[in-house]
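Asks: Chains as they are written, first to last, in our numbering: chain A, 1 to 159; chain B, 1 to 384.
These are computed hints drawn from the structure, not numbers from a lab. Please note: incorrect hints may appear among the correct ones.
Computed footprint of chain B on chain A, listed as stretches where at least three residues anywhere in the stretch have a Cβ under 8 Å from a Cβ of chain B [claimed, not checked]:
1) 7 to 13
2) 25 to 36
3) 96 to 106
4) 132 to 145
Below, simulated PhoX-like cross-link-like pairs (lysine-lysine); rule was C-alpha separation at most 20 Å, straight line [stated by the list, open to error]:
5) Lys-143(A) - Lys-21(B)
6) Lys-26(A) - Lys-73(A)
7) Lys-72(A) - Lys-56(A)
8) Lys-72(A) - Lys-219(B)
9) Lys-124(A) - Lys-53(A)
10) Lys-191(B) - Lys-219(B)
11) Lys-124(A) - Lys-56(A)
12) Lys-143(A) - Lys-50(A)
13) Lys-124(A) - Lys-191(B)
14) Lys-73(A) - Lys-191(B)
15) Lys-253(B) - Lys-219(B)
16) Lys-72(A) - Lys-26(A)
17) Lys-21(B) - Lys-26(A)
18) Lys-56(A) - Lys-21(B)
19) Lys-253(B) - Lys-45(A)
20) Lys-73(A) - Lys-56(A)
21) Lys-26(A) - Lys-8(B)
22) Lys-56(A) - Lys-219(B)
Every residue gets a Cβ at the ideal spot worked out from N, C-alpha and C, and that includes glycine.
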Amino acid sequence: MNRNEFIQAVRDAEDSLYHVSKAILKNDQDCGDAVQEALLTAYEKLYTLKEDKYFKTWLTRILINECYSIIKKKKRLVPYEEYLEDAGAWETDKYTDLYLAIQALPEELRVLVTLYYIEGFSVKETGEILHLAQGTVKSRLHKARALLRDSLQEEEATC
Amino acid sequence: MLGKGEWKEAAPQVPEEFHRKLEDTLMEIEGGRKIRMKKRRGMKVLLVAAAIVVVGTGAAFAADVFSWNPVMVEKFQPSQEEQSALALDQVSQQIGQSVTDAGVTMTLEQTLEDPHNLYMLFEVETPENIELTEWTLFEQGLYVTVDGDPAFDGGGNMGATGSFVDGQTDAHRRSYEIWIHYSEEISWEGKEIGIKFVDLADSNGIKAPAEGQSEVVAKGEWDFTWTASGADSTLRYDINQTYDLGGYPVEVKRLELTPFSYTIVTDAADALAVDEDEKNRMEYNGPDPGMDILSRLVVDSIIMKDGTVITDAYGGPGSGGVREEDPNEYSCSIGMGKVIDWSQAESILFCQGQTEIVLPGLDTVEDISEEELAKDVPVQDAAQ
C-alpha cells in the first residue's frame with residue numbers, strides 16, 4: 001500500500017473511525033485527537049502491514065489503542081467521566097434513541113456493538129480487533145442485545 | 001424489528017471538527033511534513049563508534065506484523081490468531097534492528113511486553129572462525145537501560161535473565177533471549193529500552209566463570225534501542241474471596257492476567273502468616289505445596305472453557321512480596337511459559353492443584369450463529 005492508497009483507504013474508513021472512537025471516548029474533540037495520533041502511527045508503521053485487506057482491521061486496532069491512551073492520560077488529571085460531564089459531551093437530542101442506548105452500555109459492550117452492528121465487522125474481525133475469542137464476541141453481543149432490548153423497552157414504556 | 005442495515009443509520013454523522021482533524025492529518029502525510037518518528041529505532045546504534053551498523057532495512061522490516069518469529073512461536077506456542085491479536089495490540093513488536101561488530105551480527109528480532117515484563121529475542125550470527133557452543137556467553141553480562149537510566153535499581157523490584165535459547169545446535173546462528181521482570185507494574189508507554197552486549201566469549205566449560213576464566217572470541221559492542229508501546233492487555237478480575245492454600249486461609253483480592261504473565265494479589269497479613277508459620281516449622285513433607293506463600297501461588301494448571309487443561313504454563317521469571325503502593329496487599333507476579341488466551345479460561349489451579357480459583361466473567365452463551373446475531377435484532381422502532 002503506497003501513500004495515496006493509504007490516504008484513500010483512510011477517507012473510506014472515516015465514518016467507521018469516528019464511530020469507533022466515539023464508542024470509547026464520547027467527546028468529539030478527543031475523537032479527533034485520537035484519529036490524528038492513530039493515522040500518524042499507522043502511516044509510520046505502514047511497512048508492517050503486509051496485506052492491504054487487513055488495513056481497516058489494523059487501523060481500527062491502532063485507533064482503539066490511541067483512544068485508551070487518551071483515557072489513560074485524562075485519568076491522570078481528572079476522572080474521565082467527570083471530565084465528560086464538564087465538557088458537556090452528551091447533548092441527547094443530537095442522537096437517536098438506539099445510539100443513546102448503545103452509548104449507555106458498559107464500555108466493552110459499546111465498542112463491540114459499534115464494531116459488529118454499526119460498522120459491519122465480522123465476528124472474526126471483531127475478535128481480532130478487540131483481542132477476544134470468537135465465542136466471547138458472540139456471547140457478549142448476545143448480552144449486549146439483551147441489555148439494549150431492556151433499555152429500549154423501558155424507554156418506550158416511559159414515553 | 002430493526003434489521004442489521006438500519007444500525008448504521010442510527011449512528012451519528014461525522015462532525016466537522018473530526019473531519020477537519022482527519023483531513024489535516026492526511027495533508028501532513030500527503031505533504032510528507034511533520035511526521036513524528038516516535039520509534040527512532042537504530043538512532044543510537046548509528047552513533048556507536050567502531051561498530052559497523054546496519055539499521056533495519058525495508059527488507060528486514062518487511063516481516064509480516066501478524067506472524068511471530070519461529071523461535072518465539074515454539075517457545076510461547078501462540079495460535080495464529082493470538083499472534084495477530086498481540087501484534088495488533090502492540091504487545092508484540094517486530095523490531096528487525098541489526099548491529100555488526102567484530103564480524104558478529106546481532107539482530108533484535110521481536111519483543112513482548114506487559115506491565116510486569118519485557119521479553120526480547122535476538123539472533124546472533126558469527127563468521128566461520130567463531131563457533132557458538134554451549135559455553136558461549138557475553139563477557140560483561142546484561143546492561144539494560146530504560147530511558148537512558150540503568151534498569152537495575154539495586155533494589156529487589158527488578159530482575160533479568162539473559163541466555164542463549166536451549167536446544168539450538170547451529171555453530172554460527174543462534175537465538176538469545178532476555179526477560180526482564182518487575183514486581184510492580186510499570187507504564188512502558190514511550191519508554192526507550194536500551195540493551196548493550198559486550199564481548200562475545202567462551203567460558204571454556206566453566207558454568208559460572210570468574211573474571212579472566214573465559215576467553216573473548218569477538219571483542220565488540222552490540223547496542224540496541226527500541227521503544228516500548230505501553231500496550232496493556234491486562235484482564236483484571238476482582239475476586240475478594242478466601243481460599244484454602246494448603247491449610248492456610250488466604251484472601252485473594254484480585255487477579256491480573258496478561259497474555260504471558262499473571263499477578264495474584266492477596267491480603268498481606270494472610271500471605272505473610274504462611275511464610276512465618278512455615279519458617280518456624282522448618283520441615284517439608286513430600287507433597288507439601290511449598291514452604292512459602294510464593295510457592296503456593298505458582299500456577300499449577302489452567303482449565304479452559306472447552307475443557308482443555310493446560311499443565312505446562314509456568315515458565316517465566318516471578319516475584320512476590322508486600323506491595324510498595326499498599327502494604328496491606330501481597331502481590332505475586334509470574335511470567336508464563338506460553339501465551340494464554342485468558343478470555344477462554346474457566347479457572348486456575350494453584351497450590352499444586354489443590355486450590356481452584358474460578359474466573360468471573362460475562363455470561364457465556366455458546367454456539368450462537370453469526371446469522372442469528374445478524375438477523376432479527378430485538379429492538380422495535382428504535383431509531384428516531
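Asks: Hint by hint, note whether the structure agrees.
Replies: Going down the list of hints, with the structure as the test:
Coverage of the segment 7 to 13 of chain A by chain B holds. Counting CB-CB distances below 8 Å, 3 residues qualify, and the rule asks for three or more. Counting residues of the segment 25 to 36 of chain A whose C-beta sits closer than 8 Å to any C-beta of chain B gives 7, which meets the bar of three, so the coverage hint holds. As drawn, the segment 96 to 106 of chain A meets chain B at 6 residues by the rule of a beta-carbon pair under 8 Å; at three or more, the given contact holds. Judged by the Cβ-Cβ criterion of 8 Å, the segment 132 to 145 of chain A is covered by chain B as claimed, because 11 of its residues qualify and three suffice.
The hinted pair formed by Lys-143(A) and Lys-21(B) fails the criterion: a straight-line CA distance of about 35 Å is larger than 20 Å. The suggested pairing of Lys-26(A) with Lys-73(A) holds, with an alpha-carbon distance near 15 Å, which does not exceed 20 Å. As the CA atoms of Lys-72(A) and Lys-56(A) are separated by approximately 24 Å, the hinted pair breaks the 20 Å bound. Pair hint Lys-72(A) plus Lys-219(B) does not hold up; C-alpha atoms about 45 Å apart against a cutoff of 20 Å.
Between Lys-124(A) and Lys-53(A) the alpha-carbon distance is near 14 Å, which keeps this suggested pair within the 20 Å criterion. As the CA atoms of Lys-191(B) and Lys-219(B) are separated by approximately 29 Å, the hinted pair breaks the 20 Å bound. Restraint check for Lys-124(A) and Lys-56(A): satisfied, since their Cα atoms lie roughly 13 Å apart, inside the 20 Å limit. Distance hint between Lys-143(A) and Lys-50(A) is unfulfilled; the C-alpha atoms sit about 35 Å from each other, more than 20 Å.
Restraint check for Lys-124(A) and Lys-191(B): not satisfied, since their Cα atoms lie roughly 32 Å apart, outside the 20 Å limit. Between Lys-73(A) and Lys-191(B) the alpha-carbon distance is near 15 Å, which keeps this suggested pair within the 20 Å criterion. Pair hint Lys-253(B) plus Lys-219(B) does not hold up; C-alpha atoms about 51 Å apart against a cutoff of 20 Å. With a CA separation close to 14 Å, the supplied pair Lys-72(A) and Lys-26(A) stays within the 20 Å bound.
Of the supplied pair hints, the one linking Lys-21(B) and Lys-26(A) holds, its CA atoms being roughly 16 Å apart against a limit of 20 Å. Distance hint between Lys-56(A) and Lys-21(B) is fulfilled; the C-alpha atoms sit about 19 Å from each other, no more than 20 Å. A hinted pair counts as satisfied when its Cα atoms are at most 20 Å apart, and Lys-253(B) with Lys-45(A) does not qualify at roughly 39 Å. For the given pair, Lys-73(A) sits about 26 Å from Lys-56(A) by alpha-carbon distance, which is inconsistent with the 20 Å threshold.
As the CA atoms of Lys-26(A) and Lys-8(B) are separated by approximately 17 Å, the hinted pair is consistent with the 20 Å bound. With a C-alpha separation of about 47 Å, the suggested pairing of Lys-56(A) with Lys-219(B) is violated against the 20 Å cut-off.
Consistency note: the structure conflicts with the earlier hints numbered 5, 7, 8, 10, 12, 13, 15, 19, 20 and 22.
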